Amino acid sequence: MTTTTYEPTAPEPELRRRGVRVGDLLFRGVAVAAALAATVLLGLIAWKVFDLARPAFQDFGLSFVWTEAWNPVTNDYGALIFIYGTVVTSLIALVLATPLSIAIALFLTEMAPRRVAGPIATMVELLAAIPSVVLGLWGILVFGPWVRDHLEPWLKDVLGFLPMFSGDPSQAGILPAALVLTIMIIPITSAICRELLIRVPRDLIDGSLALGSTRWEAIRGVMFAYAAPGIAAAVLLGLGRAFGEAIAVNQTIGNHSVIPSSWFAPGDSLGSKIASSYAGATSNLEASSLLYLAAILMVISLFANVSAQFIVVRFERARRGL
Amino acid sequence: VSEVASPDPRDLTVRSNGLRRRRVVEKIFGAVAILSALLACGILALVLGTLVFKGASQLNLDFFTKARPLFGEKGGIADALVGSAIIVGMAMLMAIPVAVLVAIYMSEYAGPKVSRALRIVLDVLNGVPAIVVGIFVFGLLVVGHGQSAVFGAFALAILMLPMVARATQEILEVVPQSLRHASLALGVTKWRTTWNVVLPAAIGGILTGVVIAVARVAGETAPLLFTTSIAANAISVNIHQALPTLPVTIFSFSESPDPGEQADAWAAALVLIGFVLVMNVLAKYFAGRKRRQLEGS
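Going down the list, the sequences are from chains E and G. Residue numbers for the first sequence follow this note's numbering, beginning at 11 and rising by one. Residue numbers for the second sequence follow this note's numbering, beginning at 36 and rising by one.
So that you can see chain E by itself, here it is in the shape it has in the complex (with noise of 0.2 angstroms):
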């Protein structure tokens, strides 16, 4: 693949530059056609399942949303349950995971000594290595009798008096689902932010320390100000992740068709429904009714990435408007 364009007994200068023009563009048209493919692959994806949950859309119209009923028998169905399911695990795992995360962001840039930093970095990077189905295994099979037998019976004798800490435990349920997406989303929630952490400019935290503030009070008086909206982004694709995922909440939530009162209780959420319905719906009804709940799932973890897309674009503007 040399090149031979100052070749000295090159013939025809006018043929080849040609050529050359023909490799260019068409080396360009290839380029372009992937870009326009990806596009059009995003919109085709859209398209492709909201046209696949037209059927069930027409049959029960948007009040399948808010409808709490999953009964082949009876042929009723809504998507309440799941989204009940989906949102909940998911802000649990977000309302724990997301401190831990920026404290593990702040131990990496502003505490830990470069030698200590670099290796604990990689382990946090390979905790999110790990396969979900692999963490879902580990979910059902040991944490989740863990959780059954010390966490839950320690979270009901403190905080018993609410209803999501009361009832049996279980090895299975919206607890062990939330705290397994909380492992989960820690290690993307605290590599984004340990990326913004870094890049807060030196002389700002320098200026904050020399005016006699604490460690602790530059952070979150300088740090937090500055790296606040990519923050926010970070939580946010975490909550995308959360969100989406199907295979690990699938082995350890129970799957149990109800809005479950506590949160020891088995239930269900958006992902893990469509997930365990692989091996064939029994009904016309129920499959295309598995596809109406995969469009509101698309929508929801889509609502959660655009609006973090909106605020890094945001953020970045203002950075350079500085």
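Don't read these hints as lab results, they were simulated from the structure.
With beta-carbon atoms standing in for the labels, derived distance ranges:
no.	chain 1	residue 1	chain 2	residue 2	range
1	G	H275	E	V97	39 to 45 angstroms
2	G	N161	E	G39	22 to 28 angstroms
3	E	A43	G	I265	30 to 36 angstroms
4	G	I238	E	G33	18 to 24 angstroms
Straight-line Cα separation of at most 35 angstroms, DSBU-like style, residue types lysine-lysine; simulated pairs:
no.	chain 1	residue 1	chain 2	residue 2
5	E	K166	G	K89
6	G	K89	G	K319
7	G	K89	G	K101
8	E	K58	G	K148
9	G	K319	G	K148
10	G	K62	E	K166
For clarity, every value in this text was computed on a predicted model and none was experimentally measured. Note that the Cβ used here is the ideal one computed from N, Cα and C, for glycine as well.
Since the structure of chain E is already known, use the hints to place chain G on it.
Quick look at chain G alone, frame taken from chain E:
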């Protein structure tokens, strides 16, 4: 409570009075940060430890060379290993060329606005849940044609595309402009410059992105459930029918009440995570080589 660098002198006195409290807060913050980092590492160690503890004793030659038996006697996961290798390999063939071309278009041809728009498209595509991608391929191809390994590979390729494209684009953007200028100044055409100068300079970073993407999709279960899950337990290389895969095998074993199948799930998970870890070490190696190269140039 008070803000940093307040111009009000009263604030300063209040703050120095609270110095003890502030020191305590500082200590608490430090402890929380260290504990959080330890917790994350602890969980990783716990998961890996459990996998080795429960899975290692199952591993023997039969486990890697025999297919899963229908009933009774112990078998292996060779069928799933072959299926996973074929499907991930096909996904790579589908995704990598397109992804690299998209990245080339973004960094070498498109203007900043188009490039930014494409970046958002790729990031949103990356955010589409894997199970929704599975449903999409199911509706687009499996309905009417039946399950097949090719469709599973296509679903995985959709997941790989944004990951590889974004990683490649980011690395192409840090290839020094001087390299491009030098090549163009010698009269080399743009596409040859891109092909012979820019891409080789970025190859370490591209490989890092590819390897990380392969490690991720190799463990994906959700896109395969609807595309290539209902398969015979036999070693097969027929890509036009559904093939068994490692993640789907682990998934179905993990929900089985049979302790024998659970034990096989642990062993299969250990194999899968071993692959993922090796790929991640490989990614680190490529990333290190890339850094040395770009620093050297």
